[in-house]
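Start from the sequences and build out the full structure, keeping to the hints where you can.
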Amino acid sequence: MQFLNPWGLLALLSLPALVVLYLLRQRHTEHVVSSIFLWRRTEAVLQASTPWQRLRKNLLMLLQLFMLLMLSLAVARPALGSAKLADEIIVILDGSASMRAADIGGGTRFDAALKEAGRLADGLRAGQRMSVIYAGPKLKVVTARSSDSRRIKDGLSALLCGYAGADIEKAVMLARGMAPENGSVSIVLYSDRRYEDTGGVSVVTLGEDGSHNAAVVNMSAGETEKGLLLMSTVASCGAERELMLELYCDGRLFDARSLVCPAGKNVNVYWDGIPVQTRTARVRIAGKDALANDDEGFFIFSKKRSDRILLASGQSLFIERAISAAGGGEIVKAKRDEAERLRGYDLYIYDGFVPGSLPEDGSVWLINPDRDVEGLKLGKSIKGAALTGEDTPSAMQLTNHMNVKSVALARFSEALSLTGWEVAIRCGKLPAVLTRESDGRRMVALLFDLHQSNLPLLKEFPILVQNMLEYAMPESVSGDGRYTAGEPVALRALPYSTRLEVTSPDGLVSRLAPPFPPAVYIPEGAPGVHTVTQLVEKPGGSESVTGAFTVSMPAGESALPRKGGSLAGGRGDGESAPGMFELWPYLAALALLAAVLEWWVYCRGR
Amino acid sequence: MDERLFDEGFFAGLSGLSLKVRWPAGGAYSGGRRSRAHGSTVEFSDFREYVPGDDFRRVDWNAYARFEKFYLKLFLDERQLHVRIFMDTSKSMDCGEPKKGVFARRLAGALAFLSVRALDRVSVITLSESARELRPPFTGKAALARALDALESVGFGGESRLYEALKGYRGLSRGDGLCVVISDLLTDSDYRAMLDYLLYNKQQVLLVHLLSPDERRPSMTGRVRLVDSEGRGYRDLELDARALAMYEKAVRDYEAEVASFCSARGIHYIAAGSEEDVRAFLLTKCAAAGIVGTF
Numbered sequence: 001m002q003f004l005n006p007w008g009l010l011a012l013l014s015l016p017a018l019v020v021l022y023l024l025r026q027r028h029t030e031h032v033v034s035s036i037f038l039w040r041r042t043e044a045v046l047q048a049s050t051p052w053q054r055l056r057k058n059l060l061m062l063l064q065l066f067m068l069l070m071l072s073l074a075v076a077r078p079a080l081g082s083a084k085l086a087d088e089i090i091v092i093l094d095g096s097a098s099m100r101a102a103d104i105g106g107g108t109r110f111d112a113a114l115k116e117a118g119r120l121a122d123g124l125r126a127g128q129r130m131s132v133i134y135a136g137p138k139l140k141v142v143t144a145r146s147s148d149s150r151r152i153k154d155g156l157s158a159l160l161c162g163y164a165g166a167d168i169e170k171a172v173m174l175a176r177g178m179a180p181e182n183g184s185v186s187i188v189l190y191s192d193r194r195y196e197d198t199g200g201v202s203v204v205t206l207g208e209d210g211s212h213n214a215a216v217v218n219m220s221a222g223e224t225e226k227g228l229l230l231m232s233t234v235a236s237c238g239a240e241r242e243l244m245l246e247l248y249c250d251g252r253l254f255d256a257r258s259l260v261c262p263a264g265k266n267v268n269v270y271w272d273g274i275p276v277q278t279r280t281a282r283v284r285i286a287g288k289d290a291l292a293n294d295d296e297g298f299f300i301f302s303k304k305r306s307d308r309i310l311l312a313s314g315q316s317l318f319i320e321r322a323i324s325a326a327g328g329g330e331i332v333k334a335k336r337d338e339a340e341r342l343r344g345y346d347l348y349i350y351d352g353f354v355p356g357s358l359p360e361d362g363s364v365w366l367i368n369p370d371r372d373v374e375g376l377k378l379g380k381s382i383k384g385a386a387l388t389g390e391d392t393p394s395a396m397q398l399t400n401h402m403n404v405k406s407v408a409l410a411r412f413s414e415a416l417s418l419t420g421w422e423v424a425i426r427c428g429k430l431p432a433v434l435t436r437e438s439d440g441r442r443m444v445a446l447l448f449d450l451h452q453s454n455l456p457l458l459k460e461f462p463i464l465v466q467n468m469l470e471y472a473m474p475e476s477v478s479g480d481g482r483y484t485a486g487e488p489v490a491l492r493a494l495p496y497s498t499r500l501e502v503t504s505p506d507g508l509v510s511r512l513a514p515p516f517p518p519a520v521y522i523p524e525g526a527p528g529v530h531t532v533t534q535l536v537e538k539p540g541g542s543e544s545v546t547g548a549f550t551v552s553m554p555a556g557e558s559a560l561p562r563k564g565g566s567l568a569g570g571r572g573d574g575e576s577a578p579g580m581f582e583l584w585p586y587l588a589a590l591a592l593l594a595a596v597l598e599w600w601v602y603c604r605g606r
Numbered sequence: 607m608d609e610r611l612f613d614e615g616f617f618a619g620l621s622g623l624s625l626k627v628r629w630p631a632g633g634a635y636s637g638g639r640r641s642r643a644h645g646s647t648v649e650f651s652d653f654r655e656y657v658p659g660d661d662f663r664r665v666d667w668n669a670y671a672r673f674e675k676f677y678l679k680l681f682l683d684e685r686q687l688h689v690r691i692f693m694d695t696s697k698s699m700d701c702g703e704p705k706k707g708v709f710a711r712r713l714a715g716a717l718a719f720l721s722v723r724a725l726d727r728v729s730v731i732t733l734s735e736s737a738r739e740l741r742p743p744f745t746g747k748a749a750l751a752r753a754l755d756a757l758e759s760v761g762f763g764g765e766s767r768l769y770e771a772l773k774g775y776r777g778l779s780r781g782d783g784l785c786v787v788i789s790d791l792l793t794d795s796d797y798r799a800m801l802d803y804l805l806y807n808k809q810q811v812l813l814v815h816l817l818s819p820d821e822r823r824p825s826m827t828g829r830v831r832l833v834d835s836e837g838r839g840y841r842d843l844e845l846d847a848r849a850l851a852m853y854e855k856a857v858r859d860y861e862a863e864v865a866s867f868c869s870a871r872g873i874h875y876i877a878a879g880s881e882e883d884v885r886a887f888l889l890t891k892c893a894a895a896g897i898v899g900t901f
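Keeping their order, the protein sequence lines are chains W and H. Number 281 in the numbering used here belongs to position 281 of the first sequence; there are no gaps in the numbering. Number 891 in the numbering used here belongs to position 285 of the second sequence; there are no gaps in the numbering.
Heads up, a few of these hints could be off.
Covered stretches of chain H (in silico footprint by chain W; criterion: 3 or more residues with CB under 8 Å from a CB of chain W, positions within the stretch not fixed) [said to hold, decoys possible]:
| no. | region |
| --- | --- |
| 1 | 813-827 |
| 2 | 835-846 |
Pair by pair, the computed Cβ-Cβ distance ranges are [as the list claims (entries may be wrong)]:
| no. | chain 1 | residue 1 | chain 2 | residue 2 | range |
| --- | --- | --- | --- | --- | --- |
| 3 | H | Ala847 | W | Leu23 | 22 to 28 Å |
| 4 | H | Gly828 | W | Ser157 | 56 to 62 Å |
| 5 | H | Gly899 | W | Val32 | 37 to 43 Å |
| 6 | H | Gly839 | W | Ala595 | 34 to 40 Å |
| 7 | H | Asp796 | W | Leu12 | 55 to 61 Å |
| 8 | H | Leu850 | W | Ala595 | 25 to 31 Å |
| 9 | W | Leu23 | H | Ala886 | 49 to 55 Å |
These are computed hints drawn from the structure, not numbers from a lab. C-beta atoms are modelled at their ideal positions from N, C-alpha and C, and glycine is treated no differently.
Below, the structure written as structure tokens:
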């Protein structure tokens, strides 16, 4: 046992002070009576009949002394547990979003964890060393094997709780790896997860089991005759609560509803009649709960493509239908001779021929090219076979969600050389689909006639067209633009993009490019709408293109209390009593009990 | 300065009262009380045969004519009663609210007045560490007035040693009167021995056990030091309702104990309070005890 506030022991001086007060209080009020003859008889009766009456005076003092002793000790904050720790202490701090729950004396669980770890650092004995591992989306060793409590506390004070999950199991593995071969080690985990099998790790469980938390865990949208339809899913843990939900469309309050959310269940709330021009929606749970950061859900209504596509083909029915189904944008069909001179499109599709000069203001698809083009030298038409996909990034993008092997070619053009081109799909061992990227312009070449393959008849065809559209005319944000905190966001640079930046909800700007390709963005800030801004400098002029994606907390972080997995399988000399166990609440309770008892004895004696 | 204890109004209130005694008076002087001896009153008492030496003038000649024997006709005699009023004048009698000493002196004066009016001989003796007669035994109103003056100026002090003081008193004769003891009996001295000593001297005894209201029901509480007024030390006590209740019970027990002792010996016992009016005390408690009657 140790005292976290040794100066508090000075309060013990109040004990002799009380005794002195009692001694001073011995002065009696003097009364002259006619005789003490009868009083002597009474005194004898008193002594004979109620011996506790004489004791009562002492009993009051003893109770007061006990009360003061308990209070003094409580001020000194005695704590149990530190002495049980080994010479090597490894502290793991759970930095997951649920640790932001503010249900420990007005502070967050993470604050309490920092405080406890700080106390542990303060209580280091001579020869004890302490390491600190921060378990967020990524593991971080804050302090390694230090006996300097100030240094440890400086490291702790620089830590911030994240908005993502935490891989505690990996952190425990790292801690076990950091443990010296010889000697005992105590691994202390400060987390809000309830572990059934701690595997020798001393788990300091933070947070209250009965904390109430409501969260917007999912958002999705559709379109109806009345306009846009938004569905928000609200989850609640703790007791059943009545919640007030507010919907903000592009920052303006659009609707508000109250609902009763049963404990531990999800409730879907539908919002209809949202104007079609709405760009972003935000659903907010009014009122306070344990975890505030999951009280909002965001949704970005994606706009249909407005790209202009030039389709130059005489037999382009399959491609036209597939592009239309993918919502690819405005398709302009042109004949071969017209296509030679038409410019100003985002995508040029040449089916069965290659124009004299390729356009430079957009991406290009070459389907069954009839001549050599930009480093691609074609040979004779050869017999085809089943296709196989490559594992390059561009190839994987093109073949995403496709069963490539189900596609077979009857015949295709042999590529003799392909300088500057990258093979995405092969037919046998020969290239069948090529990609090329130069100066921000992307090109896809299919070295076969669609009619010479079973591709248009397969479900893979619209998928391939969709993938080719995304490759040729990439959006800043791929997919549905919804991410969770800590999840890597792969942003794509538009053709001719010279700069790509992401602005987080709290205004922090991260520049991801140049250099290209853009770096992977990992949202670590507060949940909300992140804005992607690209500066596109086309030959005809420059423009700023913006996109957005939403980041929310992982849904599992909202469920309080959280269940942890097993930490078994490694070293750790900790017992079931984790960290420090402060005794002051119990001492204070004893002092209160003594005060009540003293009052009762005093009243009974009056 | 105390107001006067005795005034005309005080004695006017006693005009209809008389002091009654249970036994015949055995005094040496003739007085107003019926005596066991035969005397010269007109009230016939008995006959007896003549013996030589008798005054033949008392021979009943009518009886001689009938029986031819000499018989003497006897008549009752009236003697003087000696009323001794023993008043405790220890320091404790000067305490209480109202003071017990005031009541004691007024009661002594009233009894002396009633006695003088009944032609009794009166002695007022103060008892503390020793016994002292205020004045020599007296009769008559003039002497009573002087005795009352002496009562007015009686001082209280010293310890209460009732038995020792009484033993030192030489004015006590056997079987000649009534002894009234007015005391709070708050003393280590053996009151039983004192009363037995009076009975041994063939005295009729009336004990007035005088306590003040604050002695019966004290009101002080808390941690107190009770100092004995007669200098017999002190007691430090923590007084609360429970302790006070026990004290009051001790007082009642003490009074009952004294009353029981007196009852067993034919002693009149009357518990008095210093807050009581003397005339009311005489009319109620003393009358109930048969000590005082009305004409």
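We went through each hint and held it up to the structure:
{"no.": "1", "hint": "813-827", "in the structure": "holds (count 4)"}
{"no.": "2", "hint": "835-846", "in the structure": "holds (count 10)"}
{"no.": "3", "hint": "H/Ala847 / W/Leu23: 22 to 28 Å", "in the structure": "holds (26 Å)"}
{"no.": "4", "hint": "H/Gly828 / W/Ser157: 56 to 62 Å", "in the structure": "holds (57 Å)"}
{"no.": "5", "hint": "H/Gly899 / W/Val32: 37 to 43 Å", "in the structure": "holds (40 Å)"}
{"no.": "6", "hint": "H/Gly839 / W/Ala595: 34 to 40 Å", "in the structure": "holds (38 Å)"}
{"no.": "7", "hint": "H/Asp796 / W/Leu12: 55 to 61 Å", "in the structure": "holds (57 Å)"}
{"no.": "8", "hint": "H/Leu850 / W/Ala595: 25 to 31 Å", "in the structure": "holds (28 Å)"}
{"no.": "9", "hint": "W/Leu23 / H/Ala886: 49 to 55 Å", "in the structure": "holds (51 Å)"}
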